[in-house]
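Number of protein chains: 6
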Amino acid sequence: MSGFSHLDDCGNAAIVDITDKEPSVRTAEAYGFIRASEAVLDQIGQISNKKGDILAAARIAGIMAAKHTWELIPLCHQIMLTNVGIRFEVIQEKSGIACTCTVTCNGKTGVEMEALVGVSTALLTIYDMCKSADHNMVMTDIHLLSKKGGRSGDFCFKGDLTE
Amino acid sequence: MSGFSHLDDCGNAAIVDITDKEPSVRTAEAYGFIRASEAVLDQIGQISNKKGDILAAARIAGIMAAKHTWELIPLCHQIMLTNVGIRFEVIQEKSGIACTCTVTCNGKTGVEMEALVGVSTALLTIYDMCKSADHNMVMTDIHLLSKKGGRSGDFCFKGDLTE
Amino acid sequence: MSGFSHLDDCGNAAIVDITDKEPSVRTAEAYGFIRASEAVLDQIGQISNKKGDILAAARIAGIMAAKHTWELIPLCHQIMLTNVGIRFEVIQEKSGIACTCTVTCNGKTGVEMEALVGVSTALLTIYDMCKSADHNMVMTDIHLLSKKGGRSGDFCFKGDLTE
Amino acid sequence: MSGFSHLDDCGNAAIVDITDKEPSVRTAEAYGFIRASEAVLDQIGQISNKKGDILAAARIAGIMAAKHTWELIPLCHQIMLTNVGIRFEVIQEKSGIACTCTVTCNGKTGVEMEALVGVSTALLTIYDMCKSADHNMVMTDIHLLSKKGGRSGDFCFKGDLTE
Amino acid sequence: MSGFSHLDDCGNAAIVDITDKEPSVRTAEAYGFIRASEAVLDQIGQISNKKGDILAAARIAGIMAAKHTWELIPLCHQIMLTNVGIRFEVIQEKSGIACTCTVTCNGKTGVEMEALVGVSTALLTIYDMCKSADHNMVMTDIHLLSKKGGRSGDFCFKGDLTE
Amino acid sequence: MSGFSHLDDCGNAAIVDITDKEPSVRTAEAYGFIRASEAVLDQIGQISNKKGDILAAARIAGIMAAKHTWELIPLCHQIMLTNVGIRFEVIQEKSGIACTCTVTCNGKTGVEMEALVGVSTALLTIYDMCKSADHNMVMTDIHLLSKKGGRSGDFCFKGDLTE
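Protein chains in written order, with the working numbering: chain A, 1 to 163; chain B, 1 to 163; chain C, 1 to 163; chain D, 1 to 163; chain E, 1 to 163; chain F, 1 to 163.
Pairs count within a copy or across copies, as identical chains cannot be separated in the list.
The calculated lysine-lysine pairs, modelled on BS3-like cross-linking and capped at a C-alpha distance of 25 Å, are:
no. : residue 1 : residue 2
1   : Lys21     : Lys108
2   : Lys158    : Lys148
3   : Lys108    : Lys148
4   : Lys148    : Lys21
5   : Lys94     : Lys158
Simulated from the structure, these hints should not be mistaken for lab results.
Keep in mind the model is a prediction, meaning the values are calculated, not measured.
For reference, chain A alone in the conformation it holds in the complex (with noise of 0.2 Å):
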């Protein structure tokens, strides 16, 4: 069943085998956006010049969610990650906020659903802390960006995209 290394010869759900790769620094960088009303982003924008509790509620919430990404997806391997950051940009333009996720291991696997699930988590903690002022937003564009090391070489995004 070539291209689904996630399902055996009868289709059935299997973890893939890494038992004979061999450990190598892995980095992953994944995007995600969320749009939200004028109004929510001016407080957004606010509180983050002076306490930035939102965005830094947010960046725990991607870090800590990154970390637990193999108990999330069934079959993700376990992966202690050696690095992982979230940056967040308010692109008043766009009526949004922009996230990057990137996560790095020395380990036997990828780390591109690590950092999806970092960008992932970080946009839900916002619409959680922003929907008491609308429940309107949109999280959309997510994707991984860039993805370096291991054996099926580096990979970057060319897709579509919406903003």
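Starting from the structure of chain A, add chains B, C, D, E and F where the hints point.
Same frame as chain A, but now just chains B, C, D, E and F:
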């Protein structure tokens, strides 16, 4: 700090006090979409006809994640969910898979975050299980479709989507 | 699809909707047995008389696991347990240790899985703590002894056992 | 206190010190069986032919639980598993389902508990998903089939079974 | 075995049976203090004025840990918290940071452990984030300030403290 | 922002990058003390002589919590511990119980937080199991005794304590 119930008067993160709220039936429905190459969709479609393991795994991952929402999103309350449902629709003409997650509780606060976490994790699991074939998938249009119950009244999404 | 409440009309996994069920006191009792060599049992017996740490650890592991049932078994609801008890009996003539776990809640669904998870984890912990002396232990006869409360009525086990 | 590596000289629970052990490839395979009424087995068989969701859910639950072994069994070390596989066989003449779980790591200690936890949780999930049809199922013959690698040498089960 | 509700008549660990208790509003407040060098406090103070990330992270960690109390403390019941608050006060003249955690539930048992776990984890997070500057910090005076609600009546701390 | 390795140049929380560090054997030992009334200590002492379940439960809770440190403390790395030990000493003349936790790993970063979390959780478990007899217990003097290994060199505590 009107409109941001998760921040106290000093702008510090704080859980919302729901001690005096009455429990009632609350439902929330969230939606998300993952764009994938036609080649990938064809294979998912075939597997779905035979064994369905990719969508079965994604459904279970979404249900389990919805129950874990209070562990992922820092200021979410612990809520005992009474129902969680995940539905998928492979949409060939949009080249992707739509996912909805419906969550119900009989509790003191809403379950919109649980529905959004369920959708996000289901889509991430699809990404994980198909990524060996294509890393250019994009998760998009993740939003709250509707919610019912509770003091703040019913909600229907009125924002803008991409697909 | 009568008889399988965890599958929807399409055969897909689904959590059972308990939104409209009334909370009531529900109790379940499960049983399991681990066969071990006499040499092992003698040592456990002696330790039990002095310090009891193997059975103390197994008791605590079983109680903690019962509380985690909703995280282990994909379609289990989150239930707040009001009582969990684990009892052991070293049975020299059967060359093993019997374990029962009794769980109570005041909730909308039964706690039979919690009792079964409690017994299984207690037995697995005994295995773990004694395996350096003997890897030939066998866990057997794990079943639901009885359950009380709820709409479906009381249940007493009527199947066949080995020991 | 020879033979019980999990107890210190005072009989207190203690984790085994593996600091100075060399990492190596270690594999363990565990087995378990669940007896169920013929009516239940017929329905599982039919669903398995069509959708397979009961066994798909049980397979995923077993894989996820194997990764969580160090959280369930108090004195187990954290181990990064490199492979986990779950197989089922519906055995009509024995009126039940056999399950094996094979786990591999490249680490400092064995993975027999991970294999046993994987099997136990997979069987418990089958129980959960079929219990609305029959509560008289029995889980039996849960044991370690074999293990390979590590200083203590290979092991093959030599005990007695029921089925 | 009067006075020790967590031990059964044989001295074995047992969860307290709260099945027949009535739910009511219960509040607990705990306190703790971390001593740190003046150099460290100065820097925390400055950061707090600007970004507050150390205390923001500690606040979130304390809130999340309070929700996890039933997973950390073996015989604690699962309780759905309705409110958790963490407050810090940098006390220059005592060369340290005071932390209080207030927890509320509407449940069948008290939340004193949740308040104590919240304080402890908040202080440990401060330690973690400042330890690169000074490993000589000491956490002290961790105790229950007061609790209200429930059958056993209100409590105010009457013990001795250090600071 | 010298001295605070957990904050990036903008003062935002960030995990420390350990990708390029060499794994080595690292050990940390932490200490804590819980003051309790003499009546309580007498009973713990008696139970300890007979069954020891309070200290057995606290020991297991501390070991399990040490393994969970990366889930509790937001910016801690996931570390695979190779050894965890918890020791208690009932000190009648100080009217309390001293606890030490020693943790070892063969990894890229130190285990001082793991040792501190182990001690704190062990003391909190003692509090939980004895609180029905006395809520005036105080946990104090929780600090790092020493750490060895790693690039930053060995450490011995040089601060001030109470008891």
